[in-house]
Amino acid sequence: MTANRMSLRLLTAAAVVLTATAAIGGCGRDSTPNQTPTQTAAVTIDDSPATGTIQVWAFNSEGEALAGLVEEFEKANPDVKVVVTPIPNDELPRKLEAALASGQVPDLVQPSTALPSYVAAGGILPVPEGLIDQAGFFPAAIELNTVDGTLYSVPWYVTAQVFAYNADLAAEAGVEPPATWDDVVAWAEALRSAGAANPLTTNADVENSWQALLTFIIQAGGTVYENGEFKLDSPEMLAACRHYASLFSSGASDASFLIELAETIVQFGSGEIGSMQVPSYLYNYLRQGAPTPETIAITTLPAGPANYGSYFGGSGLSVPAEAPNPDAAWKFARFLAEPASQAAFYEAGGVLPAARAAWEDPRLDSPGAPVFQEMLEASKAPPNIPTWTQIRSEISAVAEQLAHGVLTPEEAVVAMQAKAVEIGDGRQ
Amino acid sequence: MTAAVATAPPARPAAPPKRSRGAFGDRRRRQSVAGLALVAPFLVSFLIFNLWPIIWSLIMAVTDMTNRDLRSPFAVEFKGLANFGQVLSDPQFGKALGVTGILVIGGIPLSLIVGMTLAVLLNTGIQRLRTFFRAAFYVPVVTSLVAIAVVWKFLFAADGLINTLLATVGVDGPTWINEPAPAIAMLLLLIVWRSSGMAMILFLAGLQAIPVELHEAAKVDGATAWRRIRSITIPLMRPTILLVSVLMSVGLVQVFEEPFVLTRGGPLKWTTTAALHIYDLFGFGQYSLAAASSYILFLVIGAMAIIQFRMLRPKV
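Heads up: the sequence lines are chains A and B, in that order.
If you're matching positions, the first sequence starts at 1 in this note's numbering and goes up one per residue.
If you're matching positions, the second sequence starts at 1001 in this note's numbering and goes up one per residue.
Worth flagging that the hints you see were computed from the coordinates, not collected in a lab.
Just to be clear, a hint being listed does not mean it is correct.
What the hints assert, rightly or not - Straight-line Cα separation of at most 30 angstroms, DSSO-like style, residue types lysine-lysine; simulated pairs:
hint, chain 1, residue 1, chain 2, residue 2
1, A, Lys419, B, Lys1269
2, A, Lys81, A, Lys231
3, B, Lys1079, A, Lys419
To be verified - Reference excerpt, derived from the structure (chain B facing chain A, CB under 7 angstroms, subset only):
hint, residue
4, Gly1173
5, Thr1175
6, Arg1264
By construction, the Cβ of each residue, glycine as well, lies at the ideal position given by its N, Cα and C atoms.
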């Protein structure tokens, strides 16, 4: 063995041993869970102009739509420079995880569904007391941005689930959109006789079918997670699963029909799809894809035993714990949460304002607005636990089997609950 | 090598006889320092970008690290092999391994056969436009999979070209992407279509290394074409077949892109391969379970390579 190889081996061995010792020596969780290092609730953000550079990481379309508001903010705060980096939707969570791990973070981010896990990692600052008036927002929008009772994100925009249908087909069949679960099958049959190959499209794929099931749980008066426990085997959940399965067994929906966004827009316009639960941001795309915008109509979702609500989507704006310029970032977030800014952002980005007062703005005067508002008031935020994205993927996997008739509703609720308990809420 | 040698003045004219060995050692030492300096850039990047991630993933695999530990990665509990037990008892991981197994067992022989057939045809059968065909069969290997997936989805859509063709012969085609068996078949087809080009190029190189004299002698002795392939081509191609099958099995056990862009794991997780399952676990922030799963997959790949080396050991 030559000296070189010897020293290389030694070096490698030393590295491995050192790392292992460091790892094991440093092992062990603190008895108190990771909380935000500094208690910043006492921090107040004054009204003086913001200064310095604000790095913003946002989703692609939202980031691009920010341009006008950035200009306005920079005009009001001459010493500030806002740099927005639009990041593809699938990449932003991964990029943020890497940034939080390394400490090289931007000043303002869109944490979206990963908010609870960033909070659990201690990577996000709580919203300073008094920065915004919480009463000015939809209650669910506050709920959406709150983890364990603390607001970690300034409500920015929201997404409502609505019932979209082809109004031409409905007029031809002479039917009104279904008001309750019981009306759904008759509605589907009427639209089919009017020519819709898929009269009621319901999500049954392995990735997104949780969207339908979570809606039904809420409409049945149930919830997924409450007081530290999963409620996936509750009677409400069973009712939701039965309704979901009945959509497919009755023939109203087709489990083998695949929803591909770009195609769905075309199929909706052509009348191949009769009706479907869609998120609010799709509304404008559907109208653009239809022969005339009036072909696409929306209304509230068919109500279950409890209500016609659904789950609440959207995103807030958060400041990472190690942000270089938190003061200016909070000021920009406060500016974006103002009703006027939110109305302007609705115009630029097509996403719905989280601030209630923004809905009074003439810029929101659209045929869909009253329905959106009604759905937003009736909807609930999904559980804010770190493992939610994994739980909902498990719900989807079970829902898909339910749609294909592989599982009965009774088996499905047991399977979902078992899987959720196994995964846990990730809070410890 | 002693410290005295290193500290000795470099060139003393009247050196005692034993200095010759010292001078030799001195030169060797200087050489090794120079050598180390020359490989240092590689060494540093290797340590940072190769060794460190491997160590890190091992640490992940034996602790309970999740995405909540991002900012304090050492404040985790040591779990030993418990993660491996949890992964192995997870029916979803079992199913993912099963799906991967189907793709490996179906994909490797099919790609080998298709690749070999194409290579033999190109080597002896096709005289005209050989370059054109060679390029055409290789194109799938170098084309972007995302673009291919889009075309593939159109082909296999419910009212796509494949089902239209099937309808002309009276067969009612399935919804390929949304039914378990057809979805696996479609995925397998895509894998074979993509990987046989690579096999073909390697086989072509192997075929051209076989001396023409052997074939001529066999021909003189009256051997048929099939007999010549069986008794000359395939035995002499053993090393190439081994290489291709090892390369392909390593690639196929980790198959990810194809199901990711085409089916996203559905229907009913029948196209969720082990790599896709691990990707999802990482996405959910379950770092330790994902790392443990990766190591299990790594062991499977290693075991497969050993088996293949034994099975295809040269016998000539």
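Checked hints:
1. A:Lys419 with B:Lys1269: holds (15 angstroms)
2. A:Lys81 with A:Lys231: Roughly 47 angstroms between the alpha carbons, so the hint for lysine 81 of chain A and lysine 231 of chain A is violated.
3. B:Lys1079 with A:Lys419: holds (21 angstroms)
4. Gly1173: Violated: closest Cβ of chain A sits about 12 angstroms from glycine 1173 of chain B, beyond 7 angstroms.
5. Thr1175: holds (4 angstroms)
6. Arg1264: Given a least distance of 6 angstroms, the restraint on arginine 1264 of chain B holds.
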